[in-house]
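2 protein chains.
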Amino acid sequence: MDLDLVRELAQEADTKIVLFVMDGLGGLPHPETGRTELETAYTPHLDMLARESACGFTVPVGTGITPGSGPGHLALFGYDPLVYNIGRGVLEAVGIDFDLQPSDVAARGNFCTVDASGRIIDRRAGRISTEESTRLVEGLRNIRVDGVQAFVEPVREHRFVFVLRGDGLSDAVADTDPQKEGAEPLPAGAISPAGQATAALVAKWVEEARRYLADKAPANMALLRGFARLPSWPAMPDVFKLRPAAVAHYPMYRGLAKLVGMEALAVEPALDDSIATLQENWGRFDFFFVHYKYTDTAGEDGDFDRKVAKFAEADTAIKSLIELEPDVLMIAGDHSTPATMAAHSWHPVPFILRSKNIRADECGMFSETELQRGSLGTFPAMEALPLAMAHAGRFKKYGA
Amino acid sequence: MDLDLVRELAQEADTKIVLFVMDGLGGLPHPETGRTELETAYTPHLDMLARESACGFTVPVGTGITPGSGPGHLALFGYDPLVYNIGRGVLEAVGIDFDLQPSDVAARGNFCTVDASGRIIDRRAGRISTEESTRLVEGLRNIRVDGVQAFVEPVREHRFVFVLRGDGLSDAVADTDPQKEGAEPLPAGAISPAGQATAALVAKWVEEARRYLADKAPANMALLRGFARLPSWPAMPDVFKLRPAAVAHYPMYRGLAKLVGMEALAVEPALDDSIATLQENWGRFDFFFVHYKYTDTAGEDGDFDRKVAKFAEADTAIKSLIELEPDVLMIAGDHSTPATMAAHSWHPVPFILRSKNIRADECGMFSETELQRGSLGTFPAMEALPLAMAHAGRFKKYGA
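From first to last, the protein sequence lines stand for chains V and A.
Numbered per this note's numbering, the first sequence spans residues 417 to 816.
Numbered per this note's numbering, the second sequence spans residues 417 to 816.
Don't read these hints as lab results, they were simulated from the structure.
Be aware that one or more of the hints could be misleading.
Unchecked claim - Far from chain V, by Cβ distances over 12 Å, these chain A residues were calculated:
id	residue
1	D418
2	D538
3	R572
4	S648
5	Q788
6	P802
As the list claims (entries may be wrong) - Computed beta-carbon distance windows for the label pairs:
id	chain 1	residue 1	chain 2	residue 2	range
7	V	P460	A	V499	44 to 52 Å
8	V	G780	A	G718	27 to 35 Å
9	A	V499	V	A759	34 to 42 Å
10	A	G718	V	M464	54 to 62 Å
11	V	R557	A	P796	54 to 62 Å
12	V	M464	A	M464	33 to 41 Å
13	V	G780	A	Y458	28 to 36 Å
Backbone N, C-alpha and C define an ideal beta-carbon position, used for all residues, glycine too.
Bound conformation, chain V alone (with noise of 0.2 Å):
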């Protein structure tokens, strides 16, 4: 839905909502079983929140699209992910709270693996600790660029974010990183005209730390990609008049709550520990977007039988849910990630939505089979937030 018609319907409620999304939800069944994850997986409170909710799939970004962590968390926050794209220097740069300004480009980067002609061996550099990474972005804070103020930030293991701050840049910077094994890192250049003169410092700055790590092994280079500037977007609380937190770990999803204006919590690793801070927090906001990460993490792992368990940890979490009686609960996925294919994936993804106000589905349990007796259909998934918005008596009716 376009947001200027959210802005137009919404009105404030004393009702609260919670979106609490399993991060790569949807699978595939499993060659042996023709069971998929959640199929095998132990789901006694999900099952039984299947029969007393709305059921169907979402559709991240469009039929066939496989989407990223971004554009996947985007829709399910009611934007459209193909009108509000991001780019992922911005989304690391705000996740690990770097005060981004306006003007400033951001970058995503890795530590990576060269051999000795140059060619990259290892785009991760084995994944170095978090601890190796932030003596080695130390390094790289004492390269000089020109007139302009270079930042680096230690993210996790192998990340860290590259800033550049200064008049008159642009984010039109080619990546350096090819994202393949085997080839060499690429030149920094520009996409446009407009971006000459940033691409130049980049590649300069890039030479330095190419020099500066170059007896560093396993993290003997580095690589850059998603260049990108802070964007102005709408912020929830004005559009749909709610009060929004996000309670995420990662980085990634806390800079993509915080970018729609969501409250990032701070929040420890464990799911317990979300369920934690929600209760915690739980009178201070009416709009909660919890995150659960690791059936991503199985799936893209390839390993089925952990994501069945992550499954079942998320599971135990239900519970405590349902027991804060919010007036609307949805569970989601940002997209689908099948353990046999250890990648995201374009399947729509399985959504359930529990309110007073449903009309009775037929669906036994929460599986991607029993889900298409579902009355909610394959939908988009930007419409979701809407149809929770409806269910929490905060739209107005459109229209005498």
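Based on these hints, arrange chain A on the given structure of chain V.
Structure of chain A alone, referenced to chain V:
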């Protein structure tokens, strides 16, 4: 579908389409029985029809959007309700056959009751009789406004239409009706600078109305809302190449029908009279919109049992509709009005279409649960008429 595309595809044919609208059609389960109004009602003809039809649900405006009667009907007439937006004043004026001119500004009026301090204690003045309202309207007609004509026309019970006619009038005037009790009537202000002169005229009229009505309790004040001008919309005969007729008793629905170029036939309140009117005029038109209001009224009153009874009543008319042998028969609703909510809602609306060229569905009866098996799925209401046009042989092939 875009009306320009409809215009390109539409062709004349010797076929007839009937759209039977049960206002507020969709419902929600009764908390005790788990069955909706439709599932509780004895509707053998509707059930038989469902077994011979293509079945599904319409979304009147958009996911999560609760439509007013205007947008809900415009969508069923094939007009995108987000594009074809209409002010309440115009709707009411056209509905009582007032000869609204393009430069007129119309508003919906309510007689109301205010207390000694001027606060509204009953927005509908105890629903005074149409006779009493008509007498008060006579008095209001004596109010003179500088340089323009002011028309006041009774509608029904506490409702009236207020029209200003003259040069340079604007509809950018704010409602004086706060739409809640306990508040004072609002001043007639301008929504934009263009509305200032007109707002001043309205304010003067309201002041004189207040003086005239002061001793006429319970109707001791008047409220105005929905200032609007006649829109200039494409007409159904031109766009759809149909000769369309409306069989509707309530002014607002007649008004809506006329705005899209239908001829509004004279009809009594009883459904029998609607059927008789349809039969009498069968040869003169090829599209008939038949409106049945009482399902919505019962739903809005929160009267589950009465809504059930009204479905049973409507069902008796289905036999007569079938006997007319229309090429396409659609049973639809402008929106859902669940009795458990006592209000319009955003829930998708049951829909069936019967013609000779349909695929077999597996819907055993006309109900919210059974129609979920339908082949039409959940689709935008504005696509219903294009679908009917196809079934009626009234759409040309697109492209070579």
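task = List, from low to high, the hint numbers that the structure doesn't satisfy.
result = Numbers 5, 10 - these are the hints that the structure violates, sorted from lowest upward.
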